[in-house]
Amino acid sequence: MKLLVCVKQVPDSTVRVKVAADKRTIVTEGITWAISPYDEYAIELALEHKDADPGTTVSVVTLGPARARDALRQALAMGCDDAMLVTGAGAETLGGLATARALAKVIEEARPDLVLCGKQASDDDQGLVGQALAETLGWPHVAIVTKFTSVTGGTEIWREVEGGHEVWKAAGPAVLTVQKSEKDPRYPSLPGIMKAKKKEIPEKDVSSLIPDLASPGLEIISLEPPPVRKAGRVMKDGDVKAMAAELAKLLRDEAKVV
Amino acid sequence: MTAPTQGLLAVVLALAAAVGFGISGYRVWRLYRYMRLGRDEDRTDQPARRLRDELVIYLGQSKLFKRPYLVRGIAHALIFWGFLVITLGTVDLLLNGIFGIHVPGTETGLFAWTIDLFAIAVLGSIALAVVRRLFFRPPRMHVAAGGYAILALIGVLMLSLLVFESAGIAAELVKKGFTPPPLAGLFAPVVRGPYAEALFTGAWWVHVLTVLGFAAYLPHTKHLHIVTTLPNVLFRSQRPRGALRPIPDLEEQESFGAATLRDLSWKQHLDGYTCTECGRCSDQCPALATGKPLDPQKIVLDLRDLLLREGDALMRDPQATGTPPAHQSDLKPEELFACTTCAACVEACPVTIEHVDKIVDMRRFLTMMESAAPPEAQRALQNIERAGNPWGEPREARADWAEGLGIPTFAERPDAEYLYFVGCAASYDRRNQRVAKALAEILTSAGLSFAILGREETCNGDPARRIGNEYLWQMQAQANIETFDRYTVRKVIASCPHCFNTIANEFPQLGGKYEVVHALTLVDELIRDGRITMTRESGGADEVTAYHDPCYLGRHNQIYDAPRDVMDAVPGVQRVEIEPHARERGFCCGAGGGRMWMEEQVGQRVNHRRIDQLRAAQAGATKVASGCPFCLIMLEEGVGAKGLQEQVQPVDVLELVADRLVGRSEGVTQP
Numbered sequence: 001m002k003l004l005v006c007v008k009q010v011p012d013s014t015v016r017v018k019v020a021a022d023k024r025t026i027v028t029e030g031i032t033w034a035i036s037p038y039d040e041y042a043i044e045l046a047l048e049h050k051d052a053d054p055g056t057t058v059s060v061v062t063l064g065p066a067r068a069r070d071a072l073r074q075a076l077a078m079g080c081d082d083a084m085l086v087t088g089a090g091a092e093t094l095g096g097l098a099t100a101r102a103l104a105k106v107i108e109e110a111r112p113d114l115v116l117c118g119k120q121a122s123d124d125d126q127g128l129v130g131q132a133l134a135e136t137l138g139w140p141h142v143a144i145v146t147k148f149t150s151v152t153g154g155t156e157i158w159r160e161v162e163g164g165h166e167v168w169k170a171a172g173p174a175v176l177t178v179q180k181s182e183k184d185p186r187y188p189s190l191p192g193i194m195k196a197k198k199k200e201i202p203e204k205d206v207s208s209l210i211p212d213l214a215s216p217g218l219e220i221i222s223l224e225p226p227p228v229r230k231a232g233r234v235m236k237d238g239d240v241k242a243m244a245a246e247l248a249k250l251l252r253d254e255a256k257v258v
Numbered sequence: 001m002t003a004p005t006q007g008l009l010a011v012v013l014a015l016a017a018a019v020g021f022g023i024s025g026y027r028v029w030r031l032y033r034y035m036r037l038g039r040d041e042d043r044t045d046q047p048a049r050r051l052r053d054e055l056v057i058y059l060g061q062s063k064l065f066k067r068p069y070l071v072r073g074i075a076h077a078l079i080f081w082g083f084l085v086i087t088l089g090t091v092d093l094l095l096n097g098i099f100g101i102h103v104p105g106t107e108t109g110l111f112a113w114t115i116d117l118f119a120i121a122v123l124g125s126i127a128l129a130v131v132r133r134l135f136f137r138p139p140r141m142h143v144a145a146g147g148y149a150i151l152a153l154i155g156v157l158m159l160s161l162l163v164f165e166s167a168g169i170a171a172e173l174v175k176k177g178f179t180p181p182p183l184a185g186l187f188a189p190v191v192r193g194p195y196a197e198a199l200f201t202g203a204w205w206v207h208v209l210t211v212l213g214f215a216a217y218l219p220h221t222k223h224l225h226i227v228t229t230l231p232n233v234l235f236r237s238q239r240p241r242g243a244l245r246p247i248p249d250l251e252e253q254e255s256f257g258a259a260t261l262r263d264l265s266w267k268q269h270l271d272g273y274t275c276t277e278c279g280r281c282s283d284q285c286p287a288l289a290t291g292k293p294l295d296p297q298k299i300v301l302d303l304r305d306l307l308l309r310e311g312d313a314l315m316r317d318p319q320a321t322g323t324p325p326a327h328q329s330d331l332k333p334e335e336l337f338a339c340t341t342c343a344a345c346v347e348a349c350p351v352t353i354e355h356v357d358k359i360v361d362m363r364r365f366l367t368m369m370e371s372a373a374p375p376e377a378q379r380a381l382q383n384i385e386r387a388g389n390p391w392g393e394p395r396e397a398r399a400d401w402a403e404g405l406g407i408p409t410f411a412e413r414p415d416a417e418y419l420y421f422v423g424c425a426a427s428y429d430r431r432n433q434r435v436a437k438a439l440a441e442i443l444t445s446a447g448l449s450f451a452i453l454g455r456e457e458t459c460n461g462d463p464a465r466r467i468g469n470e471y472l473w474q475m476q477a478q479a480n481i482e483t484f485d486r487y488t489v490r491k492v493i494a495s496c497p498h499c500f501n502t503i504a505n506e507f508p509q510l511g512g513k514y515e516v517v518h519a520l521t522l523v524d525e526l527i528r529d530g531r532i533t534m535t536r537e538s539g540g541a542d543e544v545t546a547y548h549d550p551c552y553l554g555r556h557n558q559i560y561d562a563p564r565d566v567m568d569a570v571p572g573v574q575r576v577e578i579e580p581h582a583r584e585r586g587f588c589c590g591a592g593g594g595r596m597w598m599e600e601q602v603g604q605r606v607n608h609r610r611i612d613q614l615r616a617a618q619a620g621a622t623k624v625a626s627g628c629p630f631c632l633i634m635l636e637e638g639v640g641a642k643g644l645q646e647q648v649q650p651v652d653v654l655e656l657v658a659d660r661l662v663g664r665s666e667g668v669t670q671p
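These protein sequence lines map, in sequence, to chains A and B. Going by our numbering, the first sequence opens with residue 1, and the numbers climb by one from there. Going by our numbering, the second sequence opens with residue 1, and the numbers climb by one from there.
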């Protein structure tokens with residue numbers, strides 16, 4: 001089986017994100033980048049399939065600036081077979097729909113049996129690319145996937161629903177957007193890391209895939225951090241009764257919860 | 001006494017000796033070949049210290065006399081020393097029996113007295129050993145038939161020696177110029193008579209043949225330690241105990257850690273041959289004591305047994321890899337990951353076996369080759385990779401604790417004399433931030449010039465290295481070394497024993513050589529120099545405070561006294577010990593070896609056991625002081641879980657000092 005995983009490089013979850021001076025972007029200087037967590041689960045799902053069936057190949061593709069190459073190295077270190085970087089001027093700020101169109105071109109050429117994406121990226125949480133990709137390709141799409149297996153005549157796909165799961169079957173190629181599943185993404189082995197370092201990662205220019213990078217255009221008008229939380233108050237010393245009265249007053253007048 | 005081996009009998013004896021030593025030699029040769037399947041490792045550095053160890057640990061039997069093993073230790077030492085003297089006598093007997101010659105010196109009174117005294121002392125010790133095994137067997141000791149066989153053989157040797165000596169005296173067979181054995185002589189009148197000479201001949205043969213049987217049997221048993229302890233002590237590691245073995249040229253390697261028996265060093269295999277199965281290591285293991293699947297003695301013996309099982313196959317085919325040690329049927333990865341690397345086993349071992357290195361080598365294989373570390377450990381590794389700390393706290397928040405305290409960074413004050421390496425725990429853990437502040441306050445009050453690295457500091461990699469990820473450790477250590485060198489740092493203070501150990505003992509492996517001091521050693525010196533003045537807090541009785549030894553200060557770096565001296569210098573603090581688990585026998589808090597970040601679901605929690613010990617010591621402690629942020633976290637958790645917050649308060653020794661500083665500015669040590 002030929003699997004292709006689309007990943008996005010995002011600021012690592014340990015990074016304290018700060019809005020840049022232009023109020024439209026974040027400060028990227030000195031921050032740690034990582035594969036978006038749901039994309040990591042998509043890689044893990046693909047690699048588990050490969051573990052069970054060694055005939056499987058897992059390709060990984062990302063669209064982004066040059067630094068996104070590190071995300072591909074990480075995916076290779078985890079055990080993916082090959083990787084491709086779609087980059088070039090404008091790649092960093094490309095909108096979701098245009099990203100899906102560019103990725104669709106890569107997929108049409110690679111002709112995988114299944115495409116896996118995380119259900120959404122952890123930076124903007126839009127959850128758009130996977131679905132737009134299915135639409136552009138004209139492929140079926142199954143969302144919130146936690147498991148899939150090859151069966152006669154296609155692929156059985158498990159998706160999470162409230163209180164249980166549904167099992168779907170895809171007869172031909174499909175796009176799956178992956179949910180967090182039970183097994184955490186694997187930690188790369190050192191031989192895996194060493195091998196990944198030596199692997200060639202071919203590049204494609206984004207403008208060779210889609211002629212018009214700007215259209216259809218969505219623009220970020222402004223970014224705003226959440227308001228700073230006020231420090232809590234500790235009532236320590238004093239008469240217990242008076243403190244209780246004070247607490248009740250604060251809860252009613254200030255916090256407005258009682 | 002002339003040997004009863006005239007003519008043909010001398011030839012018979014020579015043949016018997018050839019058979020006995022032949023069987024023995026063949027076995028030893030095979031064991032040696034198996035051992036050499038291990039990788040090369042140079043253990044010839046520091047010859048002077050090796051010689052000293054040989055005299056003190058081997059000949060002096062020093063590690064046998066530790067509490068609580070003193071009586072048994074003395075009994076063992078007597079058997080051992082007796083053996084040395086008696087071996088000389090045995091060599092003399094054989095030479096005399098076969099070639100009719102004597103070893104010079106055996107005619108003297110000194111020799112006669114020593115051999116007799118020791119023969120009786122050994123008999124006494126044998127009796128003690130048998131009684132102990134039969135009636136007072138400690139649970140850790142697994143007594144096999146082989147153990148009794150050896151004791152019986154030694155017993156027969158001593159008895160037959162005394163019998164043939166006294167019969168020889170009775171039959172007036174003592175040669176001219178030889179001192180008659182004085183104690184055996186006391187029994188001579190008993191055996192005087194027509195059969196004395198026959199008794200002498202019989203006992204003599206029994207003795208000599210038993211010696212040869214013993215020689216043939218010895219290398220098939222754990223009593224081979226009689227022979228292997230000598231090289232095992234000589235070739236013990238002379239690295240600082242806290243330093244793990246580096247993997248050089250990591251990027252050029254294809255296999256990491258102990259993937260096969262060939263990846264363990266020859267010395268690690270020699271450890272297996274030397275194990276006496278005494279179980280002292282298991283006695284001291286905090287993991288075993290709290291019901292975890294780890295047993296350090298079993299690890300050593302499992303590796304030895306695997307070598308004996310697969311040695312032949314590995315020798316036949318140089319390409320064969322055999323079973324990975326961490327996957328042999330007897331050994332489970334859970335055992336290996338239960339280890340806190342506290343080194344209580346290494347400290348306890350009388351024959352200098354290095355348990356922790358083996359465990360880490362197998363962890364390296366599991367973690368780096370197979371990605372098989374426990375998931376929580378992998379998360380800690382990933383956090384170190386991405387955020388520079390095992391908790392996954394933001395990199396940018398590393399110096400938040402110091403905000404507004406006026407502590408300079410090296411960038412702001414590049415001429416500072418000392419670097420205070422804060423470490424992840426004191427940077428991010430709220431409780432330990434108070435310790436960092438306490439130290440900053442003490443250093444400022446003593447007028448020391450110091451600075452921190454602020455956000456440029458990153459984890460030194462101790463947990464990564466001990467979980468088995470040597471690669472990540474090297475990257476983290478290298479990153480810090482580069483930062484240190486950019487600011488030409490020369491002196492480093494660490495308040496965390498793990499940071500201290502890694503920077504002092506392991507950074508030099510990567511070329512980072514600094515003068516490193518643990519905060520408590522430094523504060524001890526500052527107090528001695530009169531640079532810190534403390535005042536007694538307002539009135540009241542002394543605070544009874546127990547000291548808990550952090551493993552990486554104590555056993556790994558032999559810093560036992562400095563923290564105690566500091567506590568003794570603090571006015572209003574009365575120091576007590578958590579007997580008997582203090583100093584070398586200090587009990588781990590459960591957080592070392594990366595265990596801080598792993599689940600602990602089997603058995604009792606190690607830190608809860610430590611709190612039990614604190615209570616059982618009945619020293620009346622209302623505080624328990626340590627010198628390690630992880631110990632502090634673990635002690636706090638233990639006290640909290642047991643609902644003892646009102647009775648015992650865990651603190652860092654540094655806080656005791658800071659609280660009593662003269663001219664202390666209120667509020668600085670409080671969050």
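Simulated from the structure, these hints should not be mistaken for lab results. Remember, it's a predicted structure, so these values are computed and weren't measured experimentally. Where hints are given, some of them may not hold.
Sample of chain A residues with no beta-carbon within 12 Å of chain B, all distances over it, derived [unchecked claim]:
1. 14
2. 31
3. 87
4. 137
5. 152
6. 184
7. 186
8. 188
9. 192
10. 220
11. 221
12. 243
Restraint ranges, calculated between C-beta atoms of paired labels, are given here [what the hints assert, rightly or not]:
13. B:603 - A:166: 53 to 59 Å
14. A:27 - B:529: 53 to 59 Å
15. B:513 - A:66: 46 to 52 Å
16. A:195 - B:483: 25 to 31 Å
In silico lysine to any residue, SDA-like type, Cα no more than 25 Å apart, as pairs [said to hold, decoys possible]:
17. A:197 - B:396
18. A:197 - B:475
19. A:18 - B:478
20. A:23 - A:124
21. A:230 - B:405
22. A:236 - B:622
23. A:195 - B:396
24. A:50 - A:227
25. A:204 - A:225
26. A:195 - B:431
27. A:195 - B:622
28. A:236 - B:430
29. A:18 - B:396
30. A:23 - B:431
31. A:183 - B:374
32. A:18 - B:391
33. A:230 - B:431
34. A:199 - B:482
35. A:198 - B:253
36. B:513 - B:543
37. B:332 - A:48
Positions of the beta carbon are idealized from the N, C-alpha and C atoms, including for glycine.
When the structure is checked against the list of hints, which entries are broken? Sort them ascending.
Per hint list: 1, 2, 6, 7, 8, 9, 13, 14, 15, 17, 19, 23, 24, 25, 26, 27, 30, 34, 36 violated.
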